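Protein chains in written order, with the working numbering: chain A, 1 to 169; chain B, 1 to 675; chain C, 1 to 293.
Just so you know, the hints here were simulated from the structure itself, not pulled from any lab data. The structure presented is a predicted model; accordingly, all values stated were derived computationally and were not measured. Heads up, some of the hints might be wrong.
Partial pick of chain C residues on the chain B-facing surface, computed with a CB cut under 8 Å [unchecked claim]:
(1) Tyr57
(2) Pro60
(3) Arg62
(4) Ala66
(5) Leu87
(6) Ala90
(7) Thr93
(8) Asp95
(9) Cys198
(10) Glu199
(11) Arg200
(12) Val202
(13) Arg207
(14) His230
Cβ coordinates follow ideal geometry from the N, Cα and C atoms, glycine included.
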Amino acid sequence: MSDAVDTSGAAADGFEPRITAFVCNWCTYTGADLAGTSRLHMASNVRIIRLPCTGRIDPLFIVKSFERGADGVIVSGCHPADCHYTSGNYHARRRFAVFHDLMEFVGVDPRRMTFSWVSASEGAKWRDVVDEAVANVRALGPFEAYRALAPEDAGVAAPAGARVEAEAS
Amino acid sequence: MSRIGVFICHCGENIGRTVDCEAVTEALKDHPGVAFTEDYKYMCSDPGQQLVKKAIEDNDLTGVVVAACSPHMHEKTFRRACDQAGLNKYMCEMANIREHCSWIHEDRGEATEKAVDITRTIVEKVKHNQPLESIHIPVTKRALVIGGGIAGIQAALDIADGGHEVVLVEKEASIGGHMSQLSETFPTLDCSQCILTPRMVEAYQHPNIKLHTWSEVEKVDGYIGNFTVKIRKKARSVNEDLCNGCGDCQEACPAKRIPSEFEAGLGNRTAIYVPFPQAVPNIPVLDRQNCTLFKGRRKGLAKDACGKCKEACLKDAIDYDAEDTFIEEEIGAIVVATGFQLYSIGREQPEGLKGYGEYGYGEVPDVIDGLQFERLASASGPTAGAILRPSDGKEPKTVVFVHCVGSRDSEKGISYCSKICCMYNAKHAMLYKHKVHDGRAVAFYMDIRAAGKGYDEFSRRAIEEDGAEYIRGRVSRIFRDGDVVKVWGYDTLSQEQVVIDADMVVLATAMRPQDGVRELAQKLSVSTDEHGFINEAHPKLRPVETNTAGVFVAGACQAPRDIPDAVAMASATGAKVLSLFSADELEREPAVAIVNENTCIGCMNCAKVCAYGAIEQREICTVDGHVCGHVAYVNPGVCQGCGTCQAVCLSKSVELQTFTDEQIFSEINALCYWE
Amino acid sequence: MSEVREVARKLLTDGTVRVIVGWEDARRGARPVFVTDPADTERLIFDTRCVHNLVTYLNPRRDNVAELGKIGLVVKGCDAKAVAGLLREAQLTRDDVVLIGVRCGGVLEEAELPKAASLSPENVAPRCYGCDNREPELVDHLLGESQPEPPRPVMTIDERVAALDAQPLEERWAFWTEQFSKCVRCYACRQVCPLCVCERCVAEKSRPQWIEAPPHPRGNLSWNITRALHLAGRCVDCGECERFCPVGIPLSLVNRKLQHIVAERYGYTVSDDPESPAPIGDYRLDDKQEFIK
Ligand SMILES: Cc1cc2nc3c(=O)[nH]c(=O)nc-3n(C[C@H](O)[C@H](O)[C@H](O)COP(=O)(O)OP(=O)(O)OC[C@H]3O[C@@H](n4cnc5c(N)ncnc54)[C@H](O)[C@@H]3O)c2cc1C
Ligand code: SF4
Ligand code: SF4
Ligand code: SF4
Ligand code: SF4
Ligand code: SF4
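Looking at chain A on its own, in the form it has when it is part of the complex (with noise of 0.2 Å):
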């Protein structure tokens, strides 16, 4: 299991992308519940975030997680008109799209963040979006350009976990 830690920030061979999902929980967090159901097989290198509504995400948790060496994300909610809270996904659509053009702007890849509507009853969808930026980032390649900023003494601390992991291997 340790290994994940080492190579990711190794070279692009074997290569496996990291990449945290930001999703709400009626629609896309229910829609890949529903993708488990029907067991359809996606890539692994997923890690989701449960959140009430899109309406919750906020630009901060993408750049965090950057910081954190993620070499991706995904941010999903309900389609628009089915917010369980009739608005918060037009609140994020506008938030997104305002992050999505600096963030192109400042030079990262947009292939990098997905935005999708997954619906509940998307679980296809959502394995597609999945596998899709997968690969998106796989292309990509590590974000190495993120890490690099990081100052040198390294100031993350490891989670507790995933030291433990690396000491236990």
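Based on the hints, put chains B and C with the ligands in the right spot on chain A.
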């Protein structure tokens, strides 16, 4: 320091087949803050839950992570188990290693690695979970129903029959709404008055219903279970307690030629009047605009110009100096049932609508709308049910019915289908043919939309049995030519110009929301669509709720509706209100937003994005009590927990419980991949 | 600028305001001045050197200014937009302030402040080119003569943004990370910004600390992205942040980019009408979503 228990479930083989559960257990065992780990075949089974409970007790656990299936599956189960073991249930979370892991991956190594990540992430989250208590909100078990059409009446009756008090507010002098104007109703052609009047009377006499007619909602404060509603009782000039409905005043009133609203302008009324004989309550109002006495007062006459009604009233119920009064009611739930109005298609139009000047409405007397036809066909109407055209009182031998006037024509401002017109046009054609056997009924239509039980059969009957001629196409112009009304149209099937010399034309004009709904919606903090219809909370799953908790919607104020729809919606709101009233307190999940008053700057950006109007501005005071600013305040009774406010708050001054920044930050960090 | 002096004097004399915030002459161009004595209104000036956005003194973070009493504030068009921003976000009520608007024909670039007075393509502040609010509407008094349009600078901000847009991603990344890596986290950009109103900026929040505090390239990137995003649809392009940045980060390019984004996507341009809703916090059902799968 947290003492978290991590419970890894094999789910029989469902997880264990692809995830090495022992390895996951091993990996979490020494994770900081983890005090206990255990894997088990079926965590959700009774022994599994026992295992969790026992571990909580034996190890003084401060948090629990169950790595198993989706939280949607068993979060409740395990939270209940924790609760039973004395651990606050919000200290328990699930790590989804089945749906999101074992079921979607094949490689055991990959799946195991991912399961460790998922579990660890949730452990890191739980370190920042807070023990929370459910929110309890007292509920005032009284309902307010706004609008006394069939929808409002039905809602009021259902709630009142359920044993709760209802305050019914109607802006007109009588309840009944549009249904009271109808002659016979599709699809069964039963007499509208005959089925409606008993309901009106029942509502009036119901011990649980308090009726305020000639009244409007002035102001609404509060939130679900706890509204305070201010009602304006407009000056009726007739004392409702004294009046016995004898009608002597109407007899005496000299102003007799005022067009009657109820008769859609086809009949007259007096200045002091009950709108129609079956009105409920049977108490007149004095129309000050048209009253001779008030006209005189407005002119500044020294002496009152009339006073006949007061003289005639043996009960001395008439009070010319009555003023609007206000009452306040404590209310727990509100049903909005303000209905519709017909698109008055003349040349004068409110903003955004273009009217249909080319159809001559308002200029050619024999061009009428659907409600006017209803009055002509009604046995209690101005012609006692005989179909006679307004201009000369002759029986029209050719009547043209035009569908979709105003509806489905975004050019002219309305894009939607009014839904009921196809049906009432068929009804009108039928009623006409039943009364004028040698008459010719011609209908111009775009499509026939007759979806509903018995509806298609009904509209076919108009064509097949009653011989109405249906022409598919639009009418371009209607104008008067001597004694006839010329109708220029185009038959799109035969692709020919059609000109019909009609004696009368009936326009099926669009259904529009009532005037003043936007203002009312604002008072209630519910939203309206671009046309002014009240928005439902969810178009499919919450059709009679609005986005303001405790406010429901029924009937044609939500969208064009016919009577069965309106009544079904009304009963649905009744059920919603009754279920809300079934307990003394509303219990809600504590997943609500909380504002940090120390850092909030009161920019109210959060309030702008809250779909539920849960956020209000609150003044803050210095120690000595003078107001020194304001901050946002989230009403926990209203907040639904979406967290949109938190993401929009620049200074991060509002936190959504159960999904706090610290929790998510920790999750992101737990997924730290490199060093 | 006799008109400004006159109005200021009158407002102070009749007690309408307790203090006038405007500009006065100084060695290095103009500088902000607080006038409380009617006699001192003689010091007030307005010319192309008056670059400062004085609305920053209305910012509620500066309670000490409010303590002086009701303020009369001299504003250019861009400044008036900032007042509208504060009104929009309930940081101010219209009655708190008397706005003395001046018709503006553009101001000088920072480096040129001490000397010249009339504008040329070489010395004009680039942001003034194309300004849509040279005669503010929100004001109580609109003074001065109608001014000619500011000259086109040698290189406009839009051209600079377009030049960046035309570069490949990697080069933009290199450009911005290098720029941001210069940031010393003095937060001057924030302190001077009239719309950075937060009492506790997100950059100062701990638990959790979203933005790493030490000035290293990674934290700096987070800070600068966040600052830019927080000003999306709010920034009035007064240029103060860039003018005050001690290390010369071209913040106006990021700010302008965000203006383009909200304009292209939502047809929004920031105005001095406090009633027009800001684009973030608002939405339309048919907002563009080409970036969403
Ligand atoms: C020409 C025509 C023929 C029709 N024929 C049929 C038919 O045959 N069969 C059928 O099923 N349907 C028919 N309909 C449809 C039927 O009229 C409606 O479905 C029904 O009236 C809707 O009831 P409602 O209670 O929602 O609204 P309404 O009947 O409009 O009642 C709303 C009530 O609310 C009151 N109100 C409005 N605003 C306020 C306020 N702010 N405060 C307090 N009170 C307020 C109004 O005064 C009114 O009393 C026909 C409609 C038309 C126009
Ligand atoms: S958005 Fe934040 S700072 Fe503004 S009022 Fe809401 S909680 Fe307060
Ligand atoms: S969490 Fe959602 S519902 Fe609750 S106050 Fe915030 S925006 Fe409103
Ligand atoms: S003014 Fe410049 S150096 Fe200072 S914090 Fe802002 S961007 Fe960084
Ligand atoms: S971000 Fe800069 S240009 Fe924009 S309003 Fe603030 S100080 Fe002015
Ligand atoms: S950068 Fe953002 S959080 Fe900080 S002061 Fe400005 S608006 Fe507020």
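Cross-check of the supplied hints:
| no. | hint | result |
| --- | --- | --- |
| 1 | Tyr57 | 17 Å, violated |
| 2 | Pro60 | 7 Å, holds |
| 3 | Arg62 | 13 Å, violated |
| 4 | Ala66 | 11 Å, violated |
| 5 | Leu87 | 11 Å, violated |
| 6 | Ala90 | 5 Å, holds |
| 7 | Thr93 | 11 Å, violated |
| 8 | Asp95 | 15 Å, violated |
| 9 | Cys198 | 4 Å, holds |
| 10 | Glu199 | 5 Å, holds |
| 11 | Arg200 | 4 Å, holds |
| 12 | Val202 | 5 Å, holds |
| 13 | Arg207 | 6 Å, holds |
| 14 | His230 | 5 Å, holds |
Hints 1, 3, 4, 5, 7, 8 from the list above are not met by this structure, while the remaining hints are.
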